[in-house]
Amino acid sequence: MKALLSGNEAIARGAYEAGVQVITGYPGTPSSEIVKTSAELYGDEVYVEWSTNEKVALDAAAGAAYSGKRTMTTCKQVGMNVLSEALMYTSYTGAEAGMVVVTCDDPGLFSSQNEQDNRFYAMLAKVPMLEPADSQEAKDFMKLSYEISEKFDVPVLFRSVMRISHCKTVCELGERTENPKHLDKFPRNLPKYNCTAMYAVPMHAHIEQRLKDMAEYAETLPINRVEMGDTKLGIVTSGICYSYVKDVWPNASILKLGMTYPLPQKMIKDFASKVDKLIVVEELDPFLENQLKIMGVDCIGKEYFPPCGELLPETLMDIALEKGLLDKDIRAKAAEPHELPARSPVLCAGCPHRSTYYVLAKHDVACTGDIGCYNLGAQPPFRAQHTMGAMGASIGQLHGMSIAGVEVGCCTIGDSTFFHSGLAPLANMVHNESRGCVIIMDNYTTAMTGHQDNPSTDYRVLRTNKARKIEIEPLVRALGVKMVKTVNAFDVKEVEEGLKECLAYDGPSVLITSGACFQIHKKIERIFEVNTDKCIACQQCFKAGCPAIMISDEVNPKTGKHKSRIDPTLCAGCSVCSQICPVKAITVKEA
Amino acid sequence: MKNINFLIVGVGGQGTILASDILAEVGMLAGMDSKKSDNMGLSVRGGSVSSHIRWGDKIGSPLSMPGTIDILMASEPLEGMRSLHFLRKGSTIVANTYRVPPMLVSTGQAEYPSVETIDKAMHDAADKVIAYDATAISLEVGNVKTMNIVLLGTISTLTDAPVELWEKAITKYVPAKALDKNLKAFHAGREKG
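Chains as they are written, first to last, in the working numbering: chain W, 11 to 601; chain X, 58 to 250.
In short, the hints are calculated from the structure, not lab data. This list has only true hints and no planted wrong ones.
Calculated pairs, DSSO-like style, for lysine-lysine (alpha carbon to alpha carbon, straight line, at most 30 Å): (1) W:Lys343 with X:Lys115; (2) W:Lys333 with X:Lys146; (3) W:Lys12 with X:Lys115; (4) W:Lys266 with W:Lys338; (5) X:Lys238 with W:Lys533; (6) W:Lys476 with X:Lys234; (7) W:Lys333 with X:Lys115; (8) W:Lys343 with X:Lys185; (9) W:Lys303 with W:Lys242; (10) X:Lys249 with X:Lys59; (11) W:Lys532 with X:Lys238; (12) X:Lys59 with W:Lys343; (13) W:Lys338 with X:Lys115.
From just these sequences and the hints, can you work out the full model?
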């Protein structure tokens, strides 16, 4: 049967067909739909969970794979940094059944804080890596990944990028094959699974030999293939870039690598010897190019192609024309781009985070920030989240601010991020007698990546599965925080008073701003309107940064400034603007 | 059937991804190679969104280059104007005229281009422009979420894919309880073609 699947749906399907039994992961764009699809479509046959963070996810997968179960663990590119410690030891140990780690990288930074190239993790961990070029390959390569994992007793790194994960292409579906392995007991195999130095020394020698064996295997692996065409130009490429290359150079000779680590050296040298000029087309870092050069293969890569951003087909075509690698432009542009007002993302109408950033901006509080929707608090009109770097980093940075003693500040972190990486730095603040207010913005979900569960939600994986919710307030008290306040996130005054009290406290404090994400419930019980007669056009309500509030055509004759109005189709009825208005001109709209 | 490169643009939350799913599905059902790519990112929070869809005998990249789009579907006029450089000469635009001002405009920091400016830019770039208030039609049908399906109805008249395939794809992707309104919206859009 044929179906149009996204890369992520195809990865989930491939793992299912390969007999995966345990799937773990932490959400992150562009990877999140793999676990979601698995839970929705295959949840009856496969155990699926959102773990508290990526390392927890891979540790859990390791324990299951040591017990003989086929596993898959998913993350986005930066999640790999969290997961990497578990990747390093599972590379040493291997497992009793196939283990696949999926990383979805984000060239072009569509929803990320960096453009790190996770292909280097394969080299670092000495594990094989597969890179699909479309959904069909994503599915087929996933099945092959389990074969390779079990053949070489190694976790396989499966690398996608946003353009694979979020593109849909036609895919032929297959049947599920069950894992024949069954263990009655957890293995007591210390030399294999206990990485103490005594055992790890021989393990290291073993994985060096394994790497050589896998490189030999890569020479005859059908997913590394040559498509001979015009021999004037040879192109080494992989993944999504292969599809771009086919559009830009339909006639060139191509070496298409499906397994990009370790590389088939003989195959590459043979291909290089048959073409006049060899180029390497790869996004981000010169991962393939450097390896080719170390082999002594003469090639051009980053000398022509930029290391930043996506290597889009139009970029390739521009460079190809400029460097004489192509003589015909297939484009016939009908217009040049126009200069137009940008449309940036904003906190949704009805968002529980709005009041907090309004208050932080109003008092110009130094604020280290974390990762989630609330990073939109860095956007105008707030500009109130002053840093953002990594999951949980806001709390550690706040502690550093306290050590430096420059200012008493705060940090903002969401509930899911707090459970992901916030507990350890908060314990550190308490233990080291730090000062500052940790604002935990509890919206009862992992909002930005699509409302996944986390330990503070009352459901797991799918909204219909009930789960035990861990309350944040008793948890932070148990960690030793003496000053803890929980406030209603939709009450501006409560947030403001709570913040003042916490900042005045001589020690670490926690302010929990509690309010549900609007996108979960989407309930609108009332909407607000601006009473134009009362409105003095102070535009204070614009400081709420709400998409429903707009300038009106009416002007205050004294100041010449425009009054405001509320778009009734966008207002979610949260009332934050009405609390901010100094003249009480914003009131509930009569039905 | 012809090879066609489509581009759908709009504002996060308008439902352009659903429209791109349906359009790509129709290509596959019509027996062609079909690929699509959505630019989502943080877009659900009201940013610009775009989707590339390509139908052909054998598609390489899911993305079309600027200067190669045959049919542009603009769910919002400003977003349509923002994407005109993607069109090739001799192309067609199907555009909603209902405006959604970005935050910079709604807070008075920038101006939304005039109706005439957008209209002229679209006519300068494309051979054929079909622009109307699809939001108003969707409201008449009784569900503002069907706005994109109205526009798809118009798009359907520009291709050779039989109408049954469009109906089949719509049935697959829209919630069962909203199917009647969506099919009504689709046919209202076909009237505009």
